[in-house]
Amino acid sequence: MRFQGTVWKFGDDIDTDLIIPARFLNVSDVEELSKNCFADIRKGFMDMVAPGDVLVAGKNFGAGSSREHAPLAIKAAGISVIIAESFARIFYRNAFNVGLPLVESLEASRSLNEGAMVSVNLSTGEIEDIDTGRRFFAKPLPDLMRRIIEAGGLVEYVKIKRANNELSKAR
Amino acid sequence: MPMTITEKILALHAHCDHVSPGDLIEVDVDMALANDITAPLAIKVFEKMGTPSVFDREKIALIPDHFVPNKDINSAQQAKAMREFAARHGIVHYYEMGQGGIEHVILPEKGLVMPGDLVIGADSHTCTYGALGAFSSGVGSTDLGVIMATGKTWLKAPPTIKIHYEGGLSPWVRGKDLILYTLGMLGVDGANYRALEFSGTVITGLSMDQRFTMTNMAVEAGAKNGIIEPDGITLSFVAHRSHRAPSVCASDPGADYERVIRIEVDTIEPQVAFPHSPANVRPLSQVGNIELDQVFIGSCTNGRLEDLRDAATVLRGHSVKKGVRLIVIPGSQLLYAEAIKEGIIGALLEAGAVIGPPSCGPCLGGHLGVLAEGERALSTTNRNFIGRMGHPRSEVYLASPIVAASSAIRGCIAGPEDR
Chain G
1 MRFQGTVWKF
11 GDDIDTDLII
21 PARFLNVSDV
31 EELSKNCFAD
41 IRKGFMDMVA
51 PGDVLVAGKN
61 FGAGSSREHA
71 PLAIKAAGIS
81 VIIAESFARI
91 FYRNAFNVGL
101 PLVESLEASR
111 SLNEGAMVSV
121 NLSTGEIEDI
131 DTGRRFFAKP
141 LPDLMRRIIE
151 AGGLVEYVKI
161 KRANNELSKA
171 R
Chain Z
1 MPMTITEKIL
11 ALHAHCDHVS
21 PGDLIEVDVD
31 MALANDITAP
41 LAIKVFEKMG
51 TPSVFDREKI
61 ALIPDHFVPN
71 KDINSAQQAK
81 AMREFAARHG
91 IVHYYEMGQG
101 GIEHVILPEK
111 GLVMPGDLVI
121 GADSHTCTYG
131 ALGAFSSGVG
141 STDLGVIMAT
151 GKTWLKAPPT
161 IKIHYEGGLS
171 PWVRGKDLIL
181 YTLGMLGVDG
191 ANYRALEFSG
201 TVITGLSMDQ
211 RFTMTNMAVE
221 AGAKNGIIEP
231 DGITLSFVAH
241 RSHRAPSVCA
251 SDPGADYERV
261 IRIEVDTIEP
271 QVAFPHSPAN
281 VRPLSQVGNI
291 ELDQVFIGSC
301 TNGRLEDLRD
311 AATVLRGHSV
321 KKGVRLIVIP
331 GSQLLYAEAI
341 KEGIIGALLE
351 AGAVIGPPSC
361 GPCLGGHLGV
371 LAEGERALST
381 TNRNFIGRMG
391 HPRSEVYLAS
401 PIVAASSAIR
411 GCIAGPEDR
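From first to last, the protein sequence lines stand for chains G and Z. Letter by letter, the first sequence follows residues 1 to 171 in the numbering used here. Letter by letter, the second sequence follows residues 1 to 419 in the numbering used here.
It cannot be assumed that every hint is accurate.
[Unchecked claim] Under 8 angstroms between C-beta atoms, here's a sample of chain G residues computed to sit facing chain Z:
(1) 17
(2) 22
(3) 23
(4) 60
(5) 64
(6) 88
(7) 90
(8) 94
(9) 98
(10) 106
(11) 107
(12) 111
[Unchecked claim] To spell it out: a stretch of chain G is covered by chain Z in this simulated footprint if at least three of its residues, at any positions, have a beta carbon under 8 angstroms from a beta carbon of chain Z; those stretches are:
(13) 24–35
(14) 122–130
(15) 147–158
Quick caveat, the hints were computed from the structure, so don't treat them as lab data. The beta carbon of each residue, even a glycine, is placed where N, CA and C say it ideally should be.
Starting from the given sequences, assemble the full structure and let the hints guide the process.
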């Protein structure tokens with residue numbers, strides 16, 4: 001799996017209240033949610049992002065509330081993958097569960113600038129700054145996360161697993 | 001091999017003899033929880049799973065508490081979707097307003113969590129139940145939707161950081177001050193993916209209400225769970241609330257900890273977290289003059305009976321300063337009634353507080369006390385992120401109910417000695 005897009009750069013400790021403030025959580029429609037993605041810090045984010053773009057952040061991205069509306073809003077805004085130095089744990093689970101891949105790389109997180117064209121290869125963990133040719137290597141994805149993303153999210157992954165179990169029982 | 005309390009509970013629920021940090025395990029869930037914000041998404045996921053019924057209608061709790069009484073048509077639609085799902089699937093633990101309150105206050109109150117249980121909730125403050133010696137952790141709606149269908153989830157066993165508290169607490173210092181002090185040491189990601197185990201004679205001397213405050217905020221350091229070994233106080237709390245036998249687990253001597261931090265509490269003062277991080281903590285004596293527009297006492301962190309009792313003790317015989325709004329929200333219907341009987345609510349009203357209906361209230365900035373641009377609040381809640389309680393250019397300071405009540409009297413951040 002390979003993604004390529006423009007970098008949108010954020011800092012450290014971006015919490016889920018910043019990703020989508022609670023006052024917008026009275027709906028669960030993802031298109032509606034994406035309109036308010038980063039409402040308090042980058043108003044109109046969804047209109048600026050081109051499908052496939054890449055979000056780059058510092059440490060502890062997605063801290064705080066467990067609201068899955070956060071990765072859903074980012075994904076629906078058009079972001080294909082997030083690169084950060086580290087992620088808060090609930091956000092990490094939620095993003096993979098809804099089919100939004102995350103990769104961790106301290107170097108890439110520090111070196112990539114806003115507006116750069118970047119490519120991310122999920123299988124190899126290779127991140128390339130297309131403009132400068134600089135390459136970075138992310139921590140390899142844990143096996144379970146890779147399988148969840150390949151299936152398209154947790155629901156699909158569990159369904160496939162269940163079907164395989166039934167198949168092996170039938171044999 | 002020796003194990004920590006967290007590893008023991010995980011091993012029991014994964015049906016294996018031993019669990020070590022880093023092990024990826026599939027566990028049985030004793031209680032799955034969601035609220036009016038996270039349940040609607042979880043219900044969509046459950047329906048996508050194509051399972052005709054929930055895994056166990058007695059092991060799911062659905063609690064409307066975030067935007068209730070409903071604040072607008074959209075939130076009413078969400079609450080309705082959850083109510084109808086609960087009725088359709090015969091969910092036993094659905095508690096409408098008037099029977100319930102804040103999820104993390106009422107689950108322990110109704111005896112729905114016992115020592116040794118494994119609780120997963122679509123709310124980050126699910127870690128609260130660790131005060132009962134249970135493993136409990138927050139997830140998102142997709143994880144919860146899948147659990148409602150299967151009764152199972154996957155977890156990576158966390159390494160444990162043990163925080164050991166010794167010494168004697170000053171008279172106005174509470175569990176809230178201890179956890180804020182600890183967050184100041186750890187930082188907001190200092191326990192990311194870890195278990196936080198609170199121990200020592202200071203912890204065994206704390207009431208259940210104060211223990212809940214501490215485990216509640218474990219997630220503010222990024223922790224997967226916060227936990228306290230059950231003791232006599234825990235067992236007497238659960239004894240008359242449930243027919244189920246507690247499964248008491250304790251850490252083995254020689255259990256492996258990633259870190260052990262020892263804190264001498266004797267000189268700890270009441271603590272205040274400054275904007276915009278719960279780890280941006282200062283002792284009360286170094287706060288300076290911070291004038292306030294609003295004070296909020298309540299939430300899953302500090303909306304319990306002892307918290308309201310503390311506030312009333314401070315406020316009795318005093319009035320809320322003119323120009324300051326004091327909002328008090330009891331965490332549940334039951335404790336609200338108890339607070340009326342004890343004369344707590346009367347004292348608060350007399351001092352000039354407004355009392356809100358049991359719910360999350362203004363904690364998350366959507367309802368019942370939203371801040372305007374440039375306004376400043378002191379709150380007994382758990383987060384003071386940018387825009388958390390309203391306008392992105394408002395400010396939230398976090399402290400205990402004692403500091404909150406004292407500050408409401410003075411109109412600026414203050415302790416009970418400055419009343």
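_Hints violated by the structure (numbers, ascending)_ = Hints 10, 11, 12 and 14 contradicted; others consistent.
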